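Peer 1: Assemble the dimeric complex from its two separately framed chains, guided by the hints.
These protein sequence lines are chains A and B, in that order. In terms of the working numbering, the first sequence has 167 at position 165, counting the first letter as 1, and numbering is strictly consecutive. In terms of the working numbering, the second sequence has 909 at position 107, counting the first letter as 1, and numbering is strictly consecutive.
Note that these hints are calculated values from the structure, not bench results. Hints may contain errors.
To give a feel for the contact side, a few chain A residues facing chain B, derived at Cβ under 10 angstroms [as the list claims (entries may be wrong)]:
(1) Ser29
(2) Asp58
(3) Thr61
(4) Ala62
(5) Val150
(6) Glu155
(7) Leu157
(8) Asn170
(9) Ser172
(10) Leu193
(11) Leu246
(12) Ser247
(13) Gly256
(14) Asn297
(15) Ala305
(16) Ser323
In this text the structure is predicted, and so the values were computed from the model without any measurement. We treat Cβ as the ideally placed atom computed from N, Cα and C, and that holds for glycine.
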Amino acid sequence: MSAAVTEAGAAEARAESRARIVGLIQSRGAIAVLVVAALAAGLVFPDFLHPGNLGDIVTAASFLGLVAIGQTFVVILGGFDLSVGSMVGLGTVLAAYAAPYGVLAALLLPMLVGLLVGLIDGLLIVRARMAPFIVTLAALLALKGLAVLLAGESLVIADPGLFGRLANGSWLGIGNLVVILLLAYALAALLLNRTRYGAAVFAIGGNEEAARMLGVRVERVKIATYCLSGTLAGLAGALLAAHLSSGLSSAGTGYELQSIAAAVIGGVLLTGGVGTMLGALSGVLLLGVIENVINQIGSLSAAYQGLASGAFLLLAVIVQSGLTRQRAA
Amino acid sequence: MFQRERQGSTGSARGRAVRRLSIAAAASMLAAPAAFAQQDTAGSAVVQSSSSASCTNPSPSHASLAGMVVGFSQSENEQNPFRAAETASVRSAARQAKVGRLLYTNANDSQAKQVADIESMIAQGAKAIIVAPLNATGLQPALEQAAAKNIPVVTIDRATAGTPCHDFITFLGSDFLVQGQRAADAMNKATGGQAKIVEIQGAYGNSVETQRTQGFADELKKYPGLTLVAAQTGNWSATDAQKVMEQLLLAHPDINALYSHADVMTLGAMRAIQQAGKTPGHDIKIVSIDGTKGLVQAIAEGNAQADVQTNPRFGPKAFAALKGWFNGDQVAQAQIMKDALYDDVADSKAALKSGATY
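Chain B on its own, in the form it takes in the complex (with noise of 0.2 angstroms):
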């Protein structure tokens, strides 16, 4: 884990921020052998690169995490099984590291109450906070507000707008352009760089969906076989993508290959494929994001060719960045998560055993 941590960096300073994580990752892979051994075989648990940047506290007050107050703002429900096993993620760690008490909210897809759900966590005596922000701005005044107590703040898988060191120490998450161009790559592998493509997009106006669909452009021009015929957003909804892709079936009927921005909406778009009379992962290859279960398995099945996964075990990271912070070390300001990429029947059928997928 170590050794691979240290390949993805690159410049001293930068391999710097990374390995004194390593050393704070280190130290809880030591007190929790076995749920770290569980990541590790998952290959999900590593953070790919960070920034070179880093956030040192001022004045660490050596606290323990053990006892302590910690709270996790949720932003969507847990319907969605990326945010279950964020969750999931974030409480087992917490156990790990024995925290006093865990306090959870969700925003339930509501800003103002992540705002006031961070307020309330504060009102509570929370002593550290891991945010998983509902939108790219938006979070100022909770943020300020912990900030004014001291109270260091995580933020994970999305991105938000704040001052870096001050009204959060870190950001974990997946880099969605390179997910983008990965799932060119395998588009490229799995169609023989001879394709028909549409897409099915993310919401409009969503960061995650204009980073998956840029970084799919960029990297198509590398492939003149592949072809991008269309793309419309299925509001990463299994219903609207099952609709769109009747829709582009009857529109475009010599399309081969469909790639989409979330495996829920992968799902719905296959099951128009078969009503269409054609077999998903043959008449039309299949490459999609996210690594659940239900893709993954379609994959070992040979009814879809590649699944680029978001990583969410963020909760080792998040404790990891905290305990950093407590005593002093430098923590990267921004850390990018190690996705893996399912593309054969071996692996898919591996990661499903392993529970690696979620």
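Next comes chain A alone, as it looks inside the complex (with noise of 0.2 angstroms):
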């Protein structure tokens, strides 16, 4: 009788310890990846891991990581936004207009602009329940074309003063994109697990019924998110105007799709419930990682980048798709 309880207690354990290993897999793993390769790169070119070049790296994420910070609260509450990569377009092109009057003018219209679409994207989702995909394709489309209205091709900001300092300047010998980007992760991790909102986006993405029968407000927590996600992209925007001292109506092209990859590259689930920041955060720097590298190697054809990417990618899923099955068993 007694063996028969300690034999279920050890079963019980060996689960448990199993699911524990399966959950720091998907949570730690794109992490443990994004060292790996870091340091594998590093051996092999010498340059690479010197403090500048891997500051250079994060600044250059640090655009996507943003976008990417939104993206991820959207797919893990079970949906997608496509229209953050028009958004950081429309984004630095606002940011140029407003830059005359001031850095806070600048960095705000974009934010405000991209709050208003993420509004208009999650009550077209909730209240006329079309589809992600649809309505913030719908997004992508329209905004591209406002900012080529509002811009043409390209803005230049002329005098771009604190507003480009912002950007290029540095703290303590750390670019400020690279704080601004680390900060913007922090408050994110904290917003999505110890808050009642973070609580919610979990719960709507693992099961929408059972997160409305617990009395989740499901349709104002997912408005919020797509809020969120324009808002970010705004905000993406307007520091990649500051940082190019331009508005580029071509900026940010592809963002919506890299954002989502690397989100799913971090360990987060394209159908919801599952993911945390710093997977989303090491996948954005891993992207940045196959780029910087293929730059080393100096003489590679950008096709590789993609053909990088998309293996990582793949990798990923397969990784996510047995620790799933894992799960289940």
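Peer 2: This is how it looks when you write it as structure tokens:
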């Protein structure tokens, strides 16, 4: 009798430890891959681990990184936001228009418009019960058109001043964009893991009907999440405009899919309900490392970047589906 | 070659700048006779005219390009034949100059990546950089970093915002306005001065598109028999252009001429013309821009009338400018490439044979 109890207890403990390992791989796998990839790159290319180069990688990845925060919330919720890439482009254009009126205007205008776009997307998805894919695809097209109408190809910010330093300056030797990115991820992790809103996002992504029955205000949470995603895309656009001293209607093209890819590489489940901010950040940085390594090789066509990113994405999806089966077992 | 360059110049200041460049070009020509002979028959590595303003290195290092690490930042992927020919030209000129290492990056249509690319090449020790800018603006942080380290930057094919002599030492490129004008002249010749024309334009909001549209429209005023019936964008894409042409043919059955901003779109439009039961080059006269193999072949076969070249062979001139800069010579701030015009069967066949097309 007591032997049977201990046996059952042992089995339970085994299952528990297996679940813990599965969860660990899901949440920490991407950062392990990132560290290994960076160390390997450092062994092959001595310049790679130079602090200046590492700073450049994170700076270059910071715009996609901000977009990926919002995208991660949306994907955990069980949706997509395809409008973010165009919103970044529109954001750079709006920031370029607003820059003469001060730093605050240049930052807030794109964020406000992003918020508005998220609100419209969210309302259409929730109230009109339209598929997120279609709603945000329409926004992708419309925002791109709007950016071109407003700016043509590009606008120069003549005297970026403080606005330019916001993106290109540094703080204690660390680039401002690096600081902003890490800060944003830290806040996002708190929001996702330590608030009722974050819990609601997980609950809706896991099982929308169950969440509704538990009293989660599904509609509100969804709308808020698309608003968050739009606002962050607007912020990314504003910072990109500061970085480049320009508004570019073509900026951010492709970020919608790259941000989804980064999230998935980072262990966020496309079906919703599972994901971490650290994972998403690792996914973004891994894409940046691939980009930089291909530059270090110095003779490869950019097509290899797509090839390598695609391979990592596929690997992540294979591992994910394996883990999901493990968890179910 | 020397003669032709001088013909393109007027005014003494401009003449001086061009002569200086010619000396640099002549020097590298001696070093690499074969490559230049080939370029010369193609008639394409020649600078047509140059700006009178020039840049001179205040403290020339007289560094030799031989053995130097040089960076090349390409803007778009090389499925585009223009980009492929441009990269090939820079690579081949780098070999001719015997550079130690040519770092190559491709921004894949992302402005942020192009900035990061240039920064990473600087971090890898590039001492000179050639950039094909993706946009008319947006390279400032990278150009500033290069300037801070006294790394000369040559911009090619598209001008970008910045201070000449500080952010970049020269710009090499085609005059897209003149291309539009030459296309209108070619259209006049091809149609005998009587035509109802449709125009398929590049992607809106792009300076190349704007100038090719403007140049054509301006020059068209000279020819009262030529009327522009409709203009629409084909987004630099063959499939978009094919769709647009289908619609235009339905809406305007009486059109008999097509002006397209790019060969890739022209080839798409030609498929639509065929599908509508008309013969490209006969029922619809065709004038295009780019000078790619596919369209020059069509001219050789009588299926199109004229193609204004956009010369992608910047390599020799780019390295000549860098060499001049390191030696303390005057380098013209803007150098307009000479673009060929293919407008008859014999010329087109010769160009295909000599490898002038890309």
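Peer 1: Determine for every hint whether it applies to the structure shown.
Peer 2: Quick rundown of the hints versus the structure:
no.: 1; hint: Ser29; verdict: violated, 28 angstroms
no.: 2; hint: Asp58; verdict: holds, 5 angstroms
no.: 3; hint: Thr61; verdict: holds, 7 angstroms
no.: 4; hint: Ala62; verdict: holds, 4 angstroms
no.: 5; hint: Val150; verdict: holds, 4 angstroms
no.: 6; hint: Glu155; verdict: holds, 5 angstroms
no.: 7; hint: Leu157; verdict: holds, 7 angstroms
no.: 8; hint: Asn170; verdict: holds, 6 angstroms
no.: 9; hint: Ser172; verdict: violated, 12 angstroms
no.: 10; hint: Leu193; verdict: violated, 26 angstroms
no.: 11; hint: Leu246; verdict: holds, 4 angstroms
no.: 12; hint: Ser247; verdict: holds, 4 angstroms
no.: 13; hint: Gly256; verdict: holds, 7 angstroms
no.: 14; hint: Asn297; verdict: holds, 5 angstroms
no.: 15; hint: Ala305; verdict: holds, 6 angstroms
no.: 16; hint: Ser323; verdict: violated, 29 angstroms
Checked against the numbered hints given earlier, this structure breaks hints 1, 9, 10 and 16; the rest are met.
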